[in-house]
Amino acid sequence: MGFMDKLKNKFKQNDKEEVSTKYKEGMAKTRNSFSGKINDLIARYRKVDEDFFEELEEVLISADVGVTTVMDLIDELKMEVKRQNIKDTKEVKEVISEKLVEIYYGDDDEEMEELNIQENNLTVILVVGVNGVGKTTSIGKMAHKLKEEGKKVVLAAGDTFRAGAIEQLEVWGERAEVDVIKQSAGSDPAAVIFDGIKAAKSRDADVLLCDTAGRLQNKVNLMNELSKVKRVIEKEIPGAPHEVLLVLDATTGQNAMSQAKTFSEATDVSGIVLTKLDGTAKGGIVLAIRNELNIPVKFVGLGEQVTDLQAFNAHAFVYGLFADLLEESDE
Amino acid sequence: MAFEGLADRLQSTIKKITGKGKVSEQDVKEMTREVRLALLEADVNFKVVKDLIKRIKERAVGQEVMESLTPGQQVIKVVKEELTDLMGGEQSKIAVADRAPTVIMMVGLQGAGKTTTTGKLANLLRKKHNRSPLLVACDVYRPAAIQQLETLGTQLNMPVFSMGTEANPVDIATKAIEKAKEEHNDYVIIDTAGRLHIDNELMDELQNIKSSVKPDEIFLVVDSMTGQDAVNVAESFNEQLDISGVVLTKLDGDTRGGAALSIKAVTDKPIKFAGMGEKLDQLEAFHPERMASRILGMGDVLSLIEKAQTNVDEKQAKELEEKMRTASFTFDDFLEQMGQVKKMGPLEDILSMIPGAGKMKGLKNAQIDESQLTSVEAIIQSMTKKERQDPDIMNASRKKRIAKGSGTSVSQVNRLLKQFGEMKKMMKQMTNMQKGKKGKGMKFPFM
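So the protein lines, in turn, are chains R and H.
For the first sequence, counting from 1, position 285 maps to 285 in my numbering; every step adds exactly one.
Count along the second sequence starting at 1, add 1000, and that's the number in my numbering.
Think of the hints as simulated: they come from the structure by calculation, not from any bench.
Just so you know, not all the hints are guaranteed correct.
[Unchecked claim] Some residues of chain R that are not near chain H, with every Cβ distance over 10 Å (derived): (1) K78; (2) V81; (3) I86; (4) E94; (5) V95; (6) E102; (7) E119; (8) E149; (9) E167; (10) W172; (11) R175; (12) P238; (13) Q254; (14) S258.
[As the list claims (entries may be wrong)] Cβ pair distances, simulated, as ranges: (15) G186(R) x K1093(H): 42 to 48 Å; (16) E1090(H) x Y105(R): 44 to 50 Å; (17) G186(R) x E1090(H): 31 to 37 Å; (18) K1175(H) x K147(R): 55 to 61 Å; (19) Q118(R) x E1090(H): 19 to 25 Å; (20) E1289(H) x N116(R): 45 to 51 Å; (21) E1289(H) x E265(R): 32 to 38 Å; (22) E177(R) x I1198(H): 55 to 61 Å; (23) D1242(H) x Y105(R): 41 to 47 Å.
All values reported here derive from a predicted model rather than from experimental measurement.
Glycine included, each C-beta is placed from N, C-alpha and C at the ideal position.
Please build the complete structure, drawing on both the sequences and the hints.
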């Protein structure tokens, strides 16, 4: 029980009731089906045997956690069950959630979800990802959020390729009431970002959010283009970009790992924005990504409203996933 | 990544099984475990995988595998067949309404690629089918979605119908049909806003559009990188809208695309097109059989299957050899062999499978006229059962009847009979040759 208490206390300490409500609402579908399944599983199997583990494996795989991660987890669980001589599935419940959370946290500093915002200088955030994951929308939401926090924000319309992308960012700029630096469609994205940096500096902005065109990670020349954009930023401001955020669609399956790997190679990704988590998809792959590549999730998208982007709070996220499990364990 | 080692893993498992000569249920279990992992890694939904593995086990544990010389490979072949069966054949037809315009509705989650696909589909309709489509901007929610479609329209030099973001999507769709009739556009492609399948309000909106414009096609646009959730999405859209087909996008990426299998399994609707790039001409007909290979892990595994295929026939080749030895080879056997040949492709393969044949001089570089196969087949099929078993009963009137029935001439029938006789003689020699004697050279009737 010690672990559960710790988790709960930690969550309550944070005292972000609003956040927790958001998570709870946004992830209601996810949570219900996920912990519902685990409870189902535990109710159906009295004994901890091979069949039980096989079923558990499926529950986890259905959350897109990833086969390798799941296999490792199951192996560890089997060992733990043997070690503690657990025979009843009810007892194994706590071990399962404990292990899952462990994957999430690992041995890392739990505060790495914070955005790396510079105190007195311009902070440059580069946003990358494959097509259709929600980069532009996430930027709009981030702009709104940062502005609420009192920051002066400038957006750079680096997606010069997709039809309507610049206009889309402009609409978000209007909504968040921030400036958008753009060139015409088809122009060099590196040049747009360069302009963005100049403009942000001269306007004395706090944060520059750089949009880029969606690209599939196996397109070598497009990935090179992205590296070039990053180099331009590095050259203009030493130490920048301060964050490279990879936007991942929660609906995406195992390919998200490949995305995280390849985008990291090209741009040294520092964090993930997990979008579309308000659907039925579980985005379990972030577990594996955090575990294997040590890239933390910084924001989650829980809806289409401008306020539907939440700073990632691992405790709240895990709590959202396992709320039912935790509450039951308390009885 | 885990799946990079898949082919290796499979191969080592296959080797393990092959080494034994006979396969046990345990071996099949081991094989299917690897296959299961491969499918799950490829994002095939776990329920779909479960059903598939069950069917594969049922088929593989049967005799077919036990008697085969390379059972491990046989299992893979069964897997490939099951996958291909599930994926179905190629279907890239687009409906044509009895009275123009034909209406196509594009639906799907956010970011799947509906708007881009709308542009690509319009381009395809004009290029390949010589149609003049009208594009309709019904996505009034996402910022700049209308501009995106309008830009595509400009690039394609095609008309786009829009009423701004304040209008009701149902009204836009209805007015667009009127407009298409006025302007003589024979296709109307309606781009709708991306929405979650659990968003009742927006799903109702789609149903309203559907009931007011009565589309001839409703395409569900799905991102090929979708994970386990593909099943929920496809099932939900299909239940509420009764979609007519699926377009799989971003297939030019490096995803294994197991979602394709999941979608097909739960909706049983054909995947018609695949988005293969960002350019507007990069929409292609979807190839189910290629997808099956891709999901399995492509390259290596494919070549394994091909190897498996040749090995399957070794068993029949053995039977054939037996028949040769006892000189009980009939026209029926011959026909069966020809069926094998057709299935396998190059005729040389089957010849090389006949023990000893590969060593014979004239055969090494044999060029075989495949067109003659057809007439040989026709001649044999025109024979009675008795004639096939015992060609010696052949007389002038029988030959005449056979020639007539097969659309050939009596001399062609004669030639086949003569060659068949020679071949049988040859077979005897060949069995002798295997015992160390020297053969003369052999000719199949169709060479």
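*Please write out, lowest number first, the hints stated earlier that are contradicted by the structure.*
Hint check: 9, 10, 11, 13, 14, 15, 18, 19 and 22 fail, others pass.
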